[in-house]
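Number of protein chains: 2
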Amino acid sequence: MAKEKKQEFVTHITPRSEDFSQWYTDVIKMTELCDYAPVRGCMVVRPYGYAIWERIQAELDRRFKETGHENIAMPMLIPESLLLKEAEHVEGFAPEVAWVTHGGTEELTERLAVRPTSETLFCTMYSKWVQTWRDLPMKYNQWCSVMRWEKATRPFLRTSEFWWQEGHTIHATPEEAQEETLTMLEVYREVAENVLALPVYVGQKSDKEKFAGARATYSIEAMMQDGKALQAGTTHNFGTNFAEAYDIQFQSKEGKLEYVHETSWGVSTRLIGAIIMTHGDERGLRLPPVIAPIQAVILPIAAHKPGVMEASNDLFEQLKAAGLRVKLDDRDTVSAGFKFNDWELKGVPVRVEVGPRDLENGVVTVFRRDLCEKITLPLEGLADALKNLLDDIQKELFRQAKAFRDEKTFVAHNMEELGEIVKTGFAKTMWCGDRACEDAIKEQFNASSRNMPFDQEGERFQDTCVCCGKKADKVMYFAKAY
Amino acid sequence: MAKEKKQEFVTHITPRSEDFSQWYTDVIKMTELCDYAPVRGCMVVRPYGYAIWERIQAELDRRFKETGHENIAMPMLIPESLLLKEAEHVEGFAPEVAWVTHGGTEELTERLAVRPTSETLFCTMYSKWVQTWRDLPMKYNQWCSVMRWEKATRPFLRTSEFWWQEGHTIHATPEEAQEETLTMLEVYREVAENVLALPVYVGQKSDKEKFAGARATYSIEAMMQDGKALQAGTTHNFGTNFAEAYDIQFQSKEGKLEYVHETSWGVSTRLIGAIIMTHGDERGLRLPPVIAPIQAVILPIAAHKPGVMEASNDLFEQLKAAGLRVKLDDRDTVSAGFKFNDWELKGVPVRVEVGPRDLENGVVTVFRRDLCEKITLPLEGLADALKNLLDDIQKELFRQAKAFRDEKTFVAHNMEELGEIVKTGFAKTMWCGDRACEDAIKEQFNASSRNMPFDQEGERFQDTCVCCGKKADKVMYFAKAY
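Here the protein sequences come in this chain order: A and B. Letter 126 of the first sequence, counting from 1, is numbered 126 in this note's numbering, and no numbers are missing. Letter 438 of the second sequence, counting from 1, is numbered 438 in this note's numbering, and no numbers are missing.
There could be a bad hint or two in this list.
Unchecked claim - Under 7 Å between C-beta atoms, here's a sample of chain A residues computed to sit facing chain B: (1) Ala-37; (2) Arg-46; (3) Ile-72; (4) Met-74; (5) Thr-124; (6) Trp-163; (7) Glu-457; (8) Phe-461.
Just so you know, the hints here were simulated from the structure itself, not pulled from any lab data. Even for Gly, the Cβ is constructed at its ideal location relative to N, Cα and C.
With the hints as constraints, model all of the structure from the sequences given.
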């Protein structure tokens, strides 16, 4: 296999080193993943972005069903009185609620919130649906969009409206609720790492950072190329908090009335932002093959030469029949160079160049986007070879991202080190557990606690808090965050 | 194959003959397809109902993609000023819009409509995205919920919020737009008839009944068991109406600025109501196998007897592996009789009874829900036999529904006949085309024009209007409608 490095770059994307934030905006705009909507802070997800979201949805949905969950659809509006029942929850969400006050020409007697999240609706319906232990567990999920009136917004990362799934489950015992919370966290980790090629730190959030109304929140945290953290998914154990506020009781096997134990968990279109900022490079996107809408693009080279278009068409049919998501770019209005740049920009994992000289030798030239390398592959058995190559690319993207993340994660023994580390990555610290220390770190370095790994015992490295110096037994990651 | 008629009925559903509307409500409630939400006029789609919707979505979505459409996501809110740009459209929708007036604690400077439909957003974005003829056509669709502030609501048929898809496309020529409008109408007909087993009349709506802002609207119309019509899907050709209001122009091949030609089309969760009211009977639902969440339920009979549970489990694994959607009902808290009723109520197409005596003979007893008949089938090769049986059931449900519809469709030569016919079904009429006659028929019989078949020539049967007696050349169906 001949290999050669390719050195032409798309020059009109702002380099990451110059301005990472502008690079992100450039990439999103040029790849047409999404656009700004005519409503402040909202976005339109365009076909290429939505096709990625559809693949993420399919991968998650399959796993939700395999773990015994069913989908349902709740209304998008919530009466204000329902939202007010759980105190912490209200406090957390009320400031960012969009309110419906009029229906047609009539003013409503009670304001309706456009859902910022649906715990309150699930709780209301669960209290109606559950009677005895036989009805438990109920494990439901919905795919929808939610609205949070954000001041500062960025496409995919923080928009007033975003698309997500929210799972809501109720259980007979605390043990079952905790098991569910951790099972779904593991589903998120597995999808992040194996589907999106995002290495993540898995652990528990601090009390300060947990969900409004939760007893415990867990998260997966990914590192972007600017060293900042992106919370990529969360699961919450509510204990009986909401059950008490919404009166969700069931008759136990022993005939007693008991409160249910509840969980919720969600991931959103934010994951698309994570993919861009983890895998993208100076040429644009690099999409993991598992979720790439187009896995391989076929480019006829010198298409007017005899045999080239026929071979390209044959190859297209053959790869499609083999189950690859493949596109034939037969545009005659743009140059081959334009097409190269275009598909590299869009992050298509593999480009197959079908040219007259290669055809004579029974081969094609294949460009792999992850390494920006060209290799030569025989036409015979190409479908299988490409499948293997796509597997390789998926693994290579994860390997690169993990190497980057591991290189940018350091132990911080004290505040000085912590301040240095969070400039470019994650600081692993020992923390006393006091909110005052989290606040001080936020104040001084604009870094927040991310999560505490489950293997606390094995990860401990000193016994004093990185901030106050008092006794500390908690291992906690800190980072600047999206 | 031994056959025997089964005569036990679930007695707690109101008989259709007594009160069709109450029967509908009973069936929905007892099958847990949906529930009333805590917001007026809104519903919660429960797992069994949503699983049906997921199958409908998958069947439609596949066909949308095969016909060259891509999915996108538009915001749920629309600034009032955008909604006001197309006069007819505003007039049609403004009275039923829910308005957001506050974001967090601030009052908005401009009210935002919760989308009742998204033409105005698509138009706004299309005017931004399209430049030249090379960008055309754009053929997009979105799956979402929309909100229309309805006064009188009924689950699935008319609710303030409902779930649907809305396709919106723009084209360079009027011919292409018309072709698109009719292609999608045919997709709807094909899905209605082959997937949902709903026979439909296909044709064009009158000016009175067309979509607000459309130049022409087409529909598929199904007949429910009470003889009323249910509009099951519509496609619209807007011509350049919206393009002119929203300034969607493109540079043609000849270098001229021209308006695009636009279409939209949609079906909704209303289809679930159509399935219930077309196929349901005194025992509850009868679901077409293609969209049934559970196609076959396995019931162990005398489960304590040796071999029964083993055989049931084996059969479950075997049918699942063969790609059937199958459930094993191994509850030991309810009787076999209860289970029979329960699954018949839920409309599962096939019940497989696994009992000790049958097992000795190497057979199982199979109940088909469409005919309420029992047959005996050999265990060997059961998966294939069941697949064939499910195909049969799908066809039989369509056959029954079509026979019913055809029996209840009559030619009406005059108003007296029309009044009689629409008491129990559809009246096929000759109509002059005047709105005054539609209004008179509505006034006298509460019946509205449904659609005009495409083969006007072939269907004509007199040359005077059913209402005014003047010259008439339009064949039009009239019926009472949901």
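Verification of the supplied hints:
Look at Ala-37 of chain A: its Cβ gets to within about 5 Å of chain B, closer than 7 Å, so that hint holds up. The beta carbon of Arg-46 of chain A is positioned within 7 Å of a beta carbon in chain B (closest approach about 6 Å), and the interface hint is therefore held. Annotation: interface hint on Ile-72 of chain A holds; nearest CB of chain B at approximately 5 Å, less than 7 Å. Against a cut-off of 7 Å between C-beta atoms, the interface hint on Met-74 of chain A holds, since the closest Cβ of chain B lies about 6 Å away.
Residue-level restraint check for Thr-124 of chain A holds (minimum Cβ-Cβ distance to chain B is 5 Å; threshold 7 Å). Interface restraint check for Trp-163 of chain A: the shortest CB-CB distance to chain B comes to about 6 Å, inside 7 Å, so the restraint holds. Checking Glu-457 of chain A against chain B: minimum C-beta separation of about 41 Å lies over 7 Å; hint violated. Among the interface hints, the one on Phe-461 of chain A is violated; its C-beta lies about 43 Å from the nearest C-beta in chain B, farther than the 7 Å criterion.
In this structure, the hints that do not hold are numbers 7 and 8, in rising order.
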